[in-house]
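Use the sequences and the hints to build the structure in full.
Residue 1 is where the sequence shown starts when you use our numbering, and the numbers rise one by one after that.
Treat the hints as calculated values from the structure; they're not laboratory data.
Any given hint could turn out to be false.
[Stated by the list, open to error] List of simulated lysine-lysine pairs, DSSO-like, C-alpha gap at most 30 Å:
| hint | residue 1 | residue 2 |
| --- | --- | --- |
| 1 | K428 | K447 |
| 2 | K354 | K339 |
| 3 | K286 | K339 |
| 4 | K62 | K336 |
| 5 | K501 | K491 |
| 6 | K201 | K428 |
| 7 | K292 | K264 |
| 8 | K411 | K201 |
| 9 | K445 | K430 |
| 10 | K428 | K181 |
| 11 | K339 | K309 |
| 12 | K11 | K339 |
| 13 | K292 | K22 |
| 14 | K264 | K309 |
| 15 | K454 | K465 |
| 16 | K22 | K11 |
| 17 | K487 | K501 |
| 18 | K264 | K22 |
| 19 | K170 | K430 |
| 20 | K336 | K383 |
| 21 | K383 | K80 |
[To be verified] Each pair of labels, with its calculated beta carbon distance range:
| hint | residue 1 | residue 2 | range |
| --- | --- | --- | --- |
| 22 | L395 | L429 | 42 to 50 Å |
| 23 | L429 | L284 | 36 to 44 Å |
| 24 | A174 | L429 | 19 to 27 Å |
| 25 | A73 | P236 | 28 to 36 Å |
| 26 | V347 | K80 | 26 to 34 Å |
Only a predicted model underlies this, so the values are computations on that prediction, with no experimental measurement involved.
Glycine included, every Cβ here is placed at the ideal spot set by N, Cα and C.
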Amino acid sequence: MFYDGKIWIGKSGNGNACILPKMANRHGLIAGATGTGKTITLKVLAESFSDAGVPVFLADVKGDLAGTCRPGADSEDMQKRIAQFGLAEAGFSYRAYPVCFWDIFGEKGLPLRTTVSEMGPTLLARLMDLTDAQTDIMSIVFRIADDEGLLLLDIKDLRAMLNYVAENNKEYSAQYGNMPKQSINSILRGLVALEEQGGDKFFGEPAMDIHDWFRTDFSGKGMINILHSESLINNPMLYSTFMLWMLSELFEIMPEAGDCERPKMVFFFDEAHLLFNGAPKALLQKIEQVVKLIRSKGVGIYFITQSPKDIPDGVLGQLGNKIQHALHAYTPADQKAVKAAADSFRVNPNFDTKEVLTQLGIGEALVSFLQEDGSPSVVQQAKILPPQSQMGPILDGDRQAEIQNCTLFSKYGTSVDRDSAYEFFQRKLKQDAQAAEEQAALEAKQKEEAQAAKEAEREAERQAKAAAKEAERQAREKAREAERKAKEEAKEKEAAEKARKRAVSSVAKSAAGTIGREVGNELGKTIGGSFGKRLGGNLGASIGRGILGTLFGR
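Below, the structure written as structure tokens:
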């Protein structure tokens, strides 16, 4: 309860065990064995901070904190406890508290998402259980994405980026350092495992704006943000990495606030040992630094675990407000843990802290809170107050109604997949394919044109050869025709010459014959009279023709 300006936790003897609001951001611890009442203590603290107007974030790992949104039910046992603590006079009443349900898997609460870029390579590497060398490669991949203006919002963006870097390994290795393809393939396999664990639902948009947790309702009560973690706790690495991311985000976005009258917000981290198990030294140092410095930003962090030894000393030393439920001392290791827990309190001379610590009943605790001057109070044995809201879970239908009636439902209820690295590479793939297709078409066209040109060249060559052959044939034909004509002309000329010669010969012969006949006639007449004239004429004509024939070649 928030009573008399204080966070009233329980009754210690005749006094009240209270946390001073201005000391509530000095962090705290709720520890104790299973079944000793840690969850009820957590619930009472969350209600008290809400009554004080302080928003709260807590993880519901067992599902029994959902009843905070419903008023508690009266019973005989509750009446006894109300009377025992004198709560009626303090204004105790059953009431519901303003609650907003969240769920990384988006099933029993508003989807709680963040982007791959906001998670960052270091936490992502822890979530995927990468080696140091693989973590370095993951950091380089994030750097390349930043340098090239590519958004890494969800897992498919990161996968696309890893594949792109692997395909262009030689180019990037020269600038950013060697990135063996085998290591990138190992990271990709880890990404597949992360998807199977629900990482594909955690990474995306709209990303969680932590400012939305810093809300109060119309009456001024702080909003109690409940992260449904029944399924999440089965994946300790995802649960713890989410919590570490949340701490980092708070540290980055919250401005310095100095000393506040009350915290701006209080976070309860149940199963706190999961935050630190297997965490590398560098990460533990980061957590310790955040826990130390976030106090000045008005944020209180309360770790819930079974034993204080689950918390590293560097962090445990920062927890000023302690509520220690019973511890068992069954083994030497348990006895050592009990002694360490008892020794961490400021001694109360009225009892043996170590002895009482093992004898506490359910709902009882040893408490020590910071006083006005910042010093821890003497350890007191206290009985924790009962919660004012319903203890236990609520029906799934009631939960869904609360989720849909939440004012943030319209903001976070529907996922958004905006343009990012995956879409860029999909476009690039299509563009490259189209460019390759166009290039192939161009090359095919060029090949076809070259083939056509070659065919045309061959056809032209063939036609030229045919034309040359035809011209040669025609030339031969002309030559033969000319030769034939020449022969014909020669024959005609020869025939004409022969005809001329014959004509001349004939004329000459006729003339020679006539002359010879005349001569023969005269000679024959002289010698033989008329008979001699006739014989001499014929003989003279024959001799004349013979002589002329000899002269003309016939």
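A quick look at each hint next to the structure:
1. K428 with K447: Roughly 27 Å separates the two Cα atoms, so the pair holds.
2. K354 with K339: 6 Å, holds
3. K286 with K339: 29 Å, holds
4. K62 with K336: This hinted pair holds, its Cα atoms lying about 29 Å apart.
5. K501 with K491: This hinted pair holds, its Cα atoms lying about 15 Å apart.
6. K201 with K428: Holds, at roughly 26 Å.
7. K292 with K264: Between K292 and K264 the Cα gap is close to 16 Å, so the pair holds against 30 Å.
8. K411 with K201: 16 Å, holds
9. K445 with K430: 22 Å, holds
10. K428 with K181: 22 Å, holds
11. K339 with K309: The hint holds at about 11 Å.
12. K11 with K339: This hinted pair holds, its Cα atoms lying about 24 Å apart.
13. K292 with K22: Roughly 16 Å between the alpha carbons, so the hint for K292 and K22 holds.
14. K264 with K309: It holds: about 28 Å lies between the C-alpha atoms, which stays within 30 Å.
15. K454 with K465: Since the Cα atoms of K454 and K465 sit roughly 16 Å apart, the hinted pair holds (cutoff 30 Å).
16. K22 with K11: Cα-Cα ~21 Å, so holds.
17. K487 with K501: At roughly 20 Å apart (the allowed maximum being 30 Å), K501 and K487 satisfy the hint.
18. K264 with K22: 10 Å, holds
19. K170 with K430: 23 Å, holds
20. K336 with K383: Roughly 25 Å separates the two Cα atoms, so the pair holds.
21. K383 with K80: Judged against 30 Å, a Cα distance of about 13 Å means the pair holds.
22. L395 with L429: 42 to 50 Å: Once the Cβ atoms are compared, 48 Å apart, the range 42 to 50 Å for L429 and L395 holds.
23. L429 with L284: 36 to 44 Å: Between L429 and L284, where Cβ atoms are some 42 Å apart, the hint holds.
24. A174 with L429: 19 to 27 Å: Hint holds: Cβ distance 24 Å, inside 19 to 27 Å.
25. A73 with P236: 28 to 36 Å: With Cβ atoms ~34 Å apart, the hint holds.
26. V347 with K80: 26 to 34 Å: 33 Å, holds
Checked against the numbered hints given earlier, this structure breaks none of them.
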